[in-house]
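Line order of the protein sequences matches chains A and B. In terms of the working numbering, the first sequence opens at residue 1 and continues consecutively. In terms of the working numbering, the second sequence opens at residue 385 and continues consecutively.
Source of the hints: derived by calculation from the structure; they are not laboratory data. Note that the structure is predicted; figures quoted are calculated from it, not measured. Using N, Cα and C, we set each Cβ at its ideal position, and we do this for glycine too. The reader is advised that the hints may include incorrect statements.
[As the list claims (entries may be wrong)] According to the in silico footprint, chain B covers these stretches of chain A (three or more CB under 8 angstroms from chain B):
(1) 298-309
(2) 331-338
[Said to hold, decoys possible] Below, a list of computed lysine to any residue pairs in the SDA-like style, where the Cα atoms sit at most 20 angstroms apart:
(3) K761/B to H264/A
(4) K471/B to R349/A
(5) K87/A to E704/B
(6) K87/A to A60/A
(7) K377/A to A647/B
(8) K7/A to R63/A
(9) K377/A to Y757/B
(10) K7/A to L132/A
(11) K87/A to E57/A
(12) K87/A to D100/A
(13) K761/B to D374/A
(14) K7/A to E239/A
(15) K377/A to D578/B
(16) K471/B to P501/B
(17) K377/A to K761/B
(18) K377/A to E765/B
(19) K377/A to S731/B
(20) K761/B to S347/A
(21) K471/B to A504/B
(22) K87/A to Q53/A
(23) K761/B to R349/A
(24) K377/A to E762/B
(25) K761/B to E381/A
(26) K377/A to R733/B
(27) K7/A to V190/A
(28) K761/B to E378/A
(29) K761/B to G338/A
(30) K761/B to E320/A
(31) K471/B to E441/B
(32) K377/A to D758/B
(33) K377/A to P501/B
(34) K761/B to A263/A
[Unchecked claim] Some chain A residues judged to face chain B by a derived CB distance under 8 angstroms, without partners named:
(35) N45
(36) F47
(37) A76
(38) C77
(39) S218
(40) T219
Protein chains: 2
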Amino acid sequence: MSVTAAKGFTAAGVIAGIKASGRPDLALVVNEGPDAHAAAVFTSNRFTAAPVQWSREVIADGRLAAVVLNSGGANACTGSAGLADAKQMAEWTAAEVGCDTTDVAVCSTGLIGVRLPMDAVLTGIELARQDLATTGGPSAAEAICTTDTVPKEAVHTSPEGWTIGGMAKGAGMLAPALATMLVVITTDAVVEPDALDAALRTATGFTFDRTDSDGCMSTNDTVIAMASGASGVTPDAAEFSEALTGVCADLARQLLADAEGSAHDIEVRVEGAATEADALAVARAIARSNLFKCAIFGNDPNWGRVLASAGTVPAEYDPEHVDVAFNGVRVFVDGQLGTDRSEVDLSGREVLVEVHLHAGDASAAIWTNDLTYDYVKENAEYSS
Amino acid sequence: MSVTAAKGFTAAGVIAGIKASGRPDLALVVNEGPDAHAAAVFTSNRFTAAPVQWSREVIADGRLAAVVLNSGGANACTGSAGLADAKQMAEWTAAEVGCDTTDVAVCSTGLIGVRLPMDAVLTGIELARQDLATTGGPSAAEAICTTDTVPKEAVHTSPEGWTIGGMAKGAGMLAPALATMLVVITTDAVVEPDALDAALRTATGFTFDRTDSDGCMSTNDTVIAMASGASGVTPDAAEFSEALTGVCADLARQLLADAEGSAHDIEVRVEGAATEADALAVARAIARSNLFKCAIFGNDPNWGRVLASAGTVPAEYDPEHVDVAFNGVRVFVDGQLGTDRSEVDLSGREVLVEVHLHAGDASAAIWTNDLTYDYVKENAEYSS
Numbered sequence: 001m002s003v004t005a006a007k008g009f010t011a012a013g014v015i016a017g018i019k020a021s022g023r024p025d026l027a028l029v030v031n032e033g034p035d036a037h038a039a040a041v042f043t044s045n046r047f048t049a050a051p052v053q054w055s056r057e058v059i060a061d062g063r064l065a066a067v068v069l070n071s072g073g074a075n076a077c078t079g080s081a082g083l084a085d086a087k088q089m090a091e092w093t094a095a096e097v098g099c100d101t102t103d104v105a106v107c108s109t110g111l112i113g114v115r116l117p118m119d120a121v122l123t124g125i126e127l128a129r130q131d132l133a134t135t136g137g138p139s140a141a142e143a144i145c146t147t148d149t150v151p152k153e154a155v156h157t158s159p160e161g162w163t164i165g166g167m168a169k170g171a172g173m174l175a176p177a178l179a180t181m182l183v184v185i186t187t188d189a190v191v192e193p194d195a196l197d198a199a200l201r202t203a204t205g206f207t208f209d210r211t212d213s214d215g216c217m218s219t220n221d222t223v224i225a226m227a228s229g230a231s232g233v234t235p236d237a238a239e240f241s242e243a244l245t246g247v248c249a250d251l252a253r254q255l256l257a258d259a260e261g262s263a264h265d266i267e268v269r270v271e272g273a274a275t276e277a278d279a280l281a282v283a284r285a286i287a288r289s290n291l292f293k294c295a296i297f298g299n300d301p302n303w304g305r306v307l308a309s310a311g312t313v314p315a316e317y318d319p320e321h322v323d324v325a326f327n328g329v330r331v332f333v334d335g336q337l338g339t340d341r342s343e344v345d346l347s348g349r350e351v352l353v354e355v356h357l358h359a360g361d362a363s364a365a366i367w368t369n370d371l372t373y374d375y376v377k378e379n380a381e382y383s384s
Numbered sequence: 385m386s387v388t389a390a391k392g393f394t395a396a397g398v399i400a401g402i403k404a405s406g407r408p409d410l411a412l413v414v415n416e417g418p419d420a421h422a423a424a425v426f427t428s429n430r431f432t433a434a435p436v437q438w439s440r441e442v443i444a445d446g447r448l449a450a451v452v453l454n455s456g457g458a459n460a461c462t463g464s465a466g467l468a469d470a471k472q473m474a475e476w477t478a479a480e481v482g483c484d485t486t487d488v489a490v491c492s493t494g495l496i497g498v499r500l501p502m503d504a505v506l507t508g509i510e511l512a513r514q515d516l517a518t519t520g521g522p523s524a525a526e527a528i529c530t531t532d533t534v535p536k537e538a539v540h541t542s543p544e545g546w547t548i549g550g551m552a553k554g555a556g557m558l559a560p561a562l563a564t565m566l567v568v569i570t571t572d573a574v575v576e577p578d579a580l581d582a583a584l585r586t587a588t589g590f591t592f593d594r595t596d597s598d599g600c601m602s603t604n605d606t607v608i609a610m611a612s613g614a615s616g617v618t619p620d621a622a623e624f625s626e627a628l629t630g631v632c633a634d635l636a637r638q639l640l641a642d643a644e645g646s647a648h649d650i651e652v653r654v655e656g657a658a659t660e661a662d663a664l665a666v667a668r669a670i671a672r673s674n675l676f677k678c679a680i681f682g683n684d685p686n687w688g689r690v691l692a693s694a695g696t697v698p699a700e701y702d703p704e705h706v707d708v709a710f711n712g713v714r715v716f717v718d719g720q721l722g723t724d725r726s727e728v729d730l731s732g733r734e735v736l737v738e739v740h741l742h743a744g745d746a747s748a749a750i751w752t753n754d755l756t757y758d759y760v761k762e763n764a765e766y767s768s
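Could you build the full structure based on these sequences and the hints that come with them?
Okay, here's the thing in structure tokens:
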């Protein structure tokens, strides 16, 4: 049920005609209240798409009544005309929903540098308004897909009576400081905007920010959280934060599992680091090595490429005392050959690479994919 | 003639039996003097291969009489036993050539983590000693190849009577702060070690350090320059430095042109930057974007991916005033759509991507390749 799992939300996904394919391409998520609390995090890319510029402005007061999302066009690098289009989407949505224009966030995804067909967008907003329902989550999740092969949804229900639900899209440009994606999360918990913002930043920091499919950062990344307060329950802050992180982690895993052309989901876990920052830097370097990613595609537990990548990072560790394990098999131990690499089975989709630095107690993981023929095919033939 | 183009050098390349394929795999380059001046730069990877550790030590006094090189095994991540093997190679070479062990540099390339077959190495050194000749450059260049499809050689002859010649190998792990490779450069100019070192660092800084095929840094990168002084001519320092840079640039271009599976040679040139460091950072970010590299493979002048990559760099520029051109066609001008992308022809092997930041007068370029099916194939199926 994703974004309509929590009480106080309606949603819809419709065919607006933005995509040439005729597939669903416009979604609306509306917070019916009583609260209209919201928080959001956005791409740190400097070429921020027009909808990101708009949404960043309107979220500043911690209030949102609705989010309108479209696939089929990113409305990025479209100049002042594109920004006017984003604002127009908010105005039309506000008029349909009956709220202030500045309480509507806008998200777009698709090809960069192309203006949106605004006639189709208007039609879509009107259609979506008519379809708004407390069962509309799945159709909204479907309408934001681009090269995604499946919609991504996640729900957490607390025994105390509140719920968090979310939807995500993203299949390429999955990169750090927000994997490329649009995410909308809703909750009926009673949460003030500041607390929601803090919980959201914690959650994204531990999940989407550590998801790095191809090292490429999008211009449109947006994660929006809205709290309706409709459950009437004020959750424990730590419990809410943990649950929100769980929902984000669930969505992040779904994004990676559906990443363009990938054949393996890889967790690169660095342990024994002096600091968490060191662990992250080493894990990130490994996760971004094309040679390493090709080796995993070839089911090759190539610890040499793991070390060669780790060796580019100025973290605190002694290169002569490092361990590397693939799926639990320690092929390199304390700077020496360990168990023979033939013992490693990489034929499954899940791959765990563990690097122990023997420099402290900190650890961190980055989630990534392998580099495959299909990744090249999709990104050489599909313009985005 | 590569490394034997300059007077005072002999070389040989032989089949030692290190490679299972039975192809040439051991090379020797000997400086017959009168000078034995030398300089070298090495990988900055922290997992430095044993031969790099050895060579870094012996080059400290600015003297080399010979370099022994093998393909078929990188002798990297092989611990103290591997370091002993590298020293043994120097000892055997010194005994054959008749020089001090500490005047012999060692270079290895091939699979990481495997000990070298030292019997074969000894046989190779003996054979190479017998074959040493002033015409041996080409066979030496051939013997250091791994996945290279052609040997790489370059020569510069000065009208003043001195010559610089060089050979290089490298087809994968071509990355910054030394593209992955072994390079030996010889000159018969009279150049003191300090001057040679300075010229070499300048040359590599402008050439190999700006060559970034796949962002992966090797454990074995080595560039060695030796000066015999046999021409009797002391060149002008600036002229020598420029010539050495030219030879390195020539070799770097050959490395990229033969990079694993590549279909395009790409120059990413950033102009109008506030500083050269800014220009380099932006060019490097673009050159490392897999999405951008896939687009070039697909002959797609995807300026959106260029901007999305540039947007990750904290360089000084205004995202609303940036130009992007492909092969001279300005498809994005001052933050707006320019000439239609259909005007761009990317069907040739050479691609020039120009980004103008309008933030100053500095510029810099990074040379890279596209990301292709064959890159994935070679690196998924060939372990290195």
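Comparing the hints with the structure gives:
1. By the rule of at least three residues with a Cβ nearer than 8 angstroms to a Cβ of chain B, the coverage given for the stretch 298-309 of chain A holds, with 9 such residues.
2. With a cut-off of 8 angstroms between beta carbons, the stretch 331-338 of chain A has 4 residues touching chain B; three or more are needed, and the interface restraint holds.
3. For the given pair, K761/B sits about 16 angstroms from H264/A by alpha-carbon distance, which is consistent with the 20 angstroms threshold.
4. Between the alpha carbons of K471/B and R349/A the distance comes to roughly 43 angstroms, so the proposed pair goes past 20 angstroms and is violated.
5. Annotation: proposed proximity of K87/A to E704/B holds, straight-line Cα distance about 19 angstroms (limit 20 angstroms).
6. A distance of roughly 16 angstroms separates the Cα atoms of K87/A and A60/A; the hinted pair therefore holds under the 20 angstroms criterion.
7. Note on K377/A and A647/B: the hinted pairing holds, with a Cα-Cα distance of about 14 angstroms set against a maximum of 20 angstroms.
8. Distance hint between K7/A and R63/A is fulfilled; the C-alpha atoms sit about 17 angstroms from each other, no more than 20 angstroms.
9. Between K377/A and Y757/B the CA atoms are separated by roughly 8 angstroms; this keeps the pair inside 20 angstroms, and the hint holds.
10. Proximity of K7/A to L132/A is assessed by CA-CA distance (about 14 angstroms); at most 20 angstroms being required, the pair is judged to hold.
11. A C-alpha spacing of about 11 angstroms is found between K87/A and E57/A, which places the hinted pair at or below 20 angstroms, so the restraint holds.
12. A C-alpha spacing of about 12 angstroms is found between K87/A and D100/A, which places the hinted pair at or below 20 angstroms, so the restraint holds.
13. Pair hint K761/B plus D374/A holds up; C-alpha atoms about 11 angstroms apart against a cutoff of 20 angstroms.
14. A hinted pair counts as satisfied when its Cα atoms are at most 20 angstroms apart, and K7/A with E239/A qualifies at roughly 19 angstroms.
15. Distance check on the hinted pair: K377/A and D578/B sit about 49 angstroms apart at the alpha-carbon level, beyond 20 angstroms; violated.
16. Between K471/B and P501/B the CA atoms are separated by roughly 14 angstroms; this keeps the pair inside 20 angstroms, and the hint holds.
17. The straight-line distance between the Cα atoms of K377/A and K761/B is roughly 13 angstroms, inside the 20 angstroms bound, and the hint therefore holds.
18. Our distance criterion of 20 angstroms between C-alpha atoms is met by K377/A and E765/B, whose separation comes to about 18 angstroms.
19. Pair hint K377/A plus S731/B holds up; C-alpha atoms about 17 angstroms apart against a cutoff of 20 angstroms.
20. A threshold of 20 angstroms between alpha carbons decides the hint, and for K761/B with S347/A the separation of about 17 angstroms falls inside it, so the pair holds.
21. Our distance criterion of 20 angstroms between C-alpha atoms is met by K471/B and A504/B, whose separation comes to about 16 angstroms.
22. A threshold of 20 angstroms between alpha carbons decides the hint, and for K87/A with Q53/A the separation of about 10 angstroms falls inside it, so the pair holds.
23. A hinted pair counts as satisfied when its Cα atoms are at most 20 angstroms apart, and K761/B with R349/A qualifies at roughly 19 angstroms.
24. Proposed proximity of K377/A and E762/B is supported: the alpha carbons are some 16 angstroms apart, at most 20 angstroms.
25. Straight-line distance between C-alpha atoms of K761/B and E381/A comes to about 18 angstroms, which keeps the hinted pair within the 20 angstroms bound.
26. A distance of roughly 19 angstroms separates the Cα atoms of K377/A and R733/B; the hinted pair therefore holds under the 20 angstroms criterion.
27. Between K7/A and V190/A, the direct Cα distance comes to roughly 11 angstroms. Compliance with the 20 angstroms bound is thereby established for this hinted pair.
28. This hinted pair checks out: K761/B and E378/A have alpha carbons roughly 16 angstroms apart, not beyond 20 angstroms.
29. The hinted pair formed by K761/B and G338/A fails the criterion: a straight-line CA distance of about 27 angstroms is larger than 20 angstroms.
30. At most 20 angstroms may separate the alpha-carbon atoms for a hinted pair to count; K761/B and E320/A exceed this at roughly 31 angstroms.
31. At most 20 angstroms may separate the alpha-carbon atoms for a hinted pair to count; K471/B and E441/B meet this at roughly 11 angstroms.
32. A hinted pair counts as satisfied when its Cα atoms are at most 20 angstroms apart, and K377/A with D758/B qualifies at roughly 11 angstroms.
33. Of the pairs offered as hints, the one joining K377/A and P501/B is violated, with about 40 angstroms between alpha carbons and a cut-off of 20 angstroms exceeded.
34. The suggested pairing of K761/B with A263/A holds, with an alpha-carbon distance near 14 angstroms, which does not exceed 20 angstroms.
35. For N45/A, the shortest C-beta to C-beta distance to chain B is roughly 4 angstroms, which falls under 8 angstroms, so the interface hint holds.
36. The interface hint given for F47/A holds, since its Cβ lies 4 angstroms from the closest Cβ of chain B, which is under the 8 angstroms cut-off.
37. Because the smallest distance between the Cβ of A76/A and any Cβ of chain B comes to about 7 angstroms, under 8 angstroms, the interface hint for this residue holds.
38. Taking 8 angstroms as the C-beta cut-off, the interface hint given for C77/A holds, the closest approach to chain B being about 6 angstroms.
39. With a cut of 8 angstroms, the hint placing S218/A at the interface with chain B holds, because the nearest CB-to-CB distance is about 6 angstroms.
40. The interface hint given for T219/A holds, since its Cβ lies 5 angstroms from the closest Cβ of chain B, which is under the 8 angstroms cut-off.
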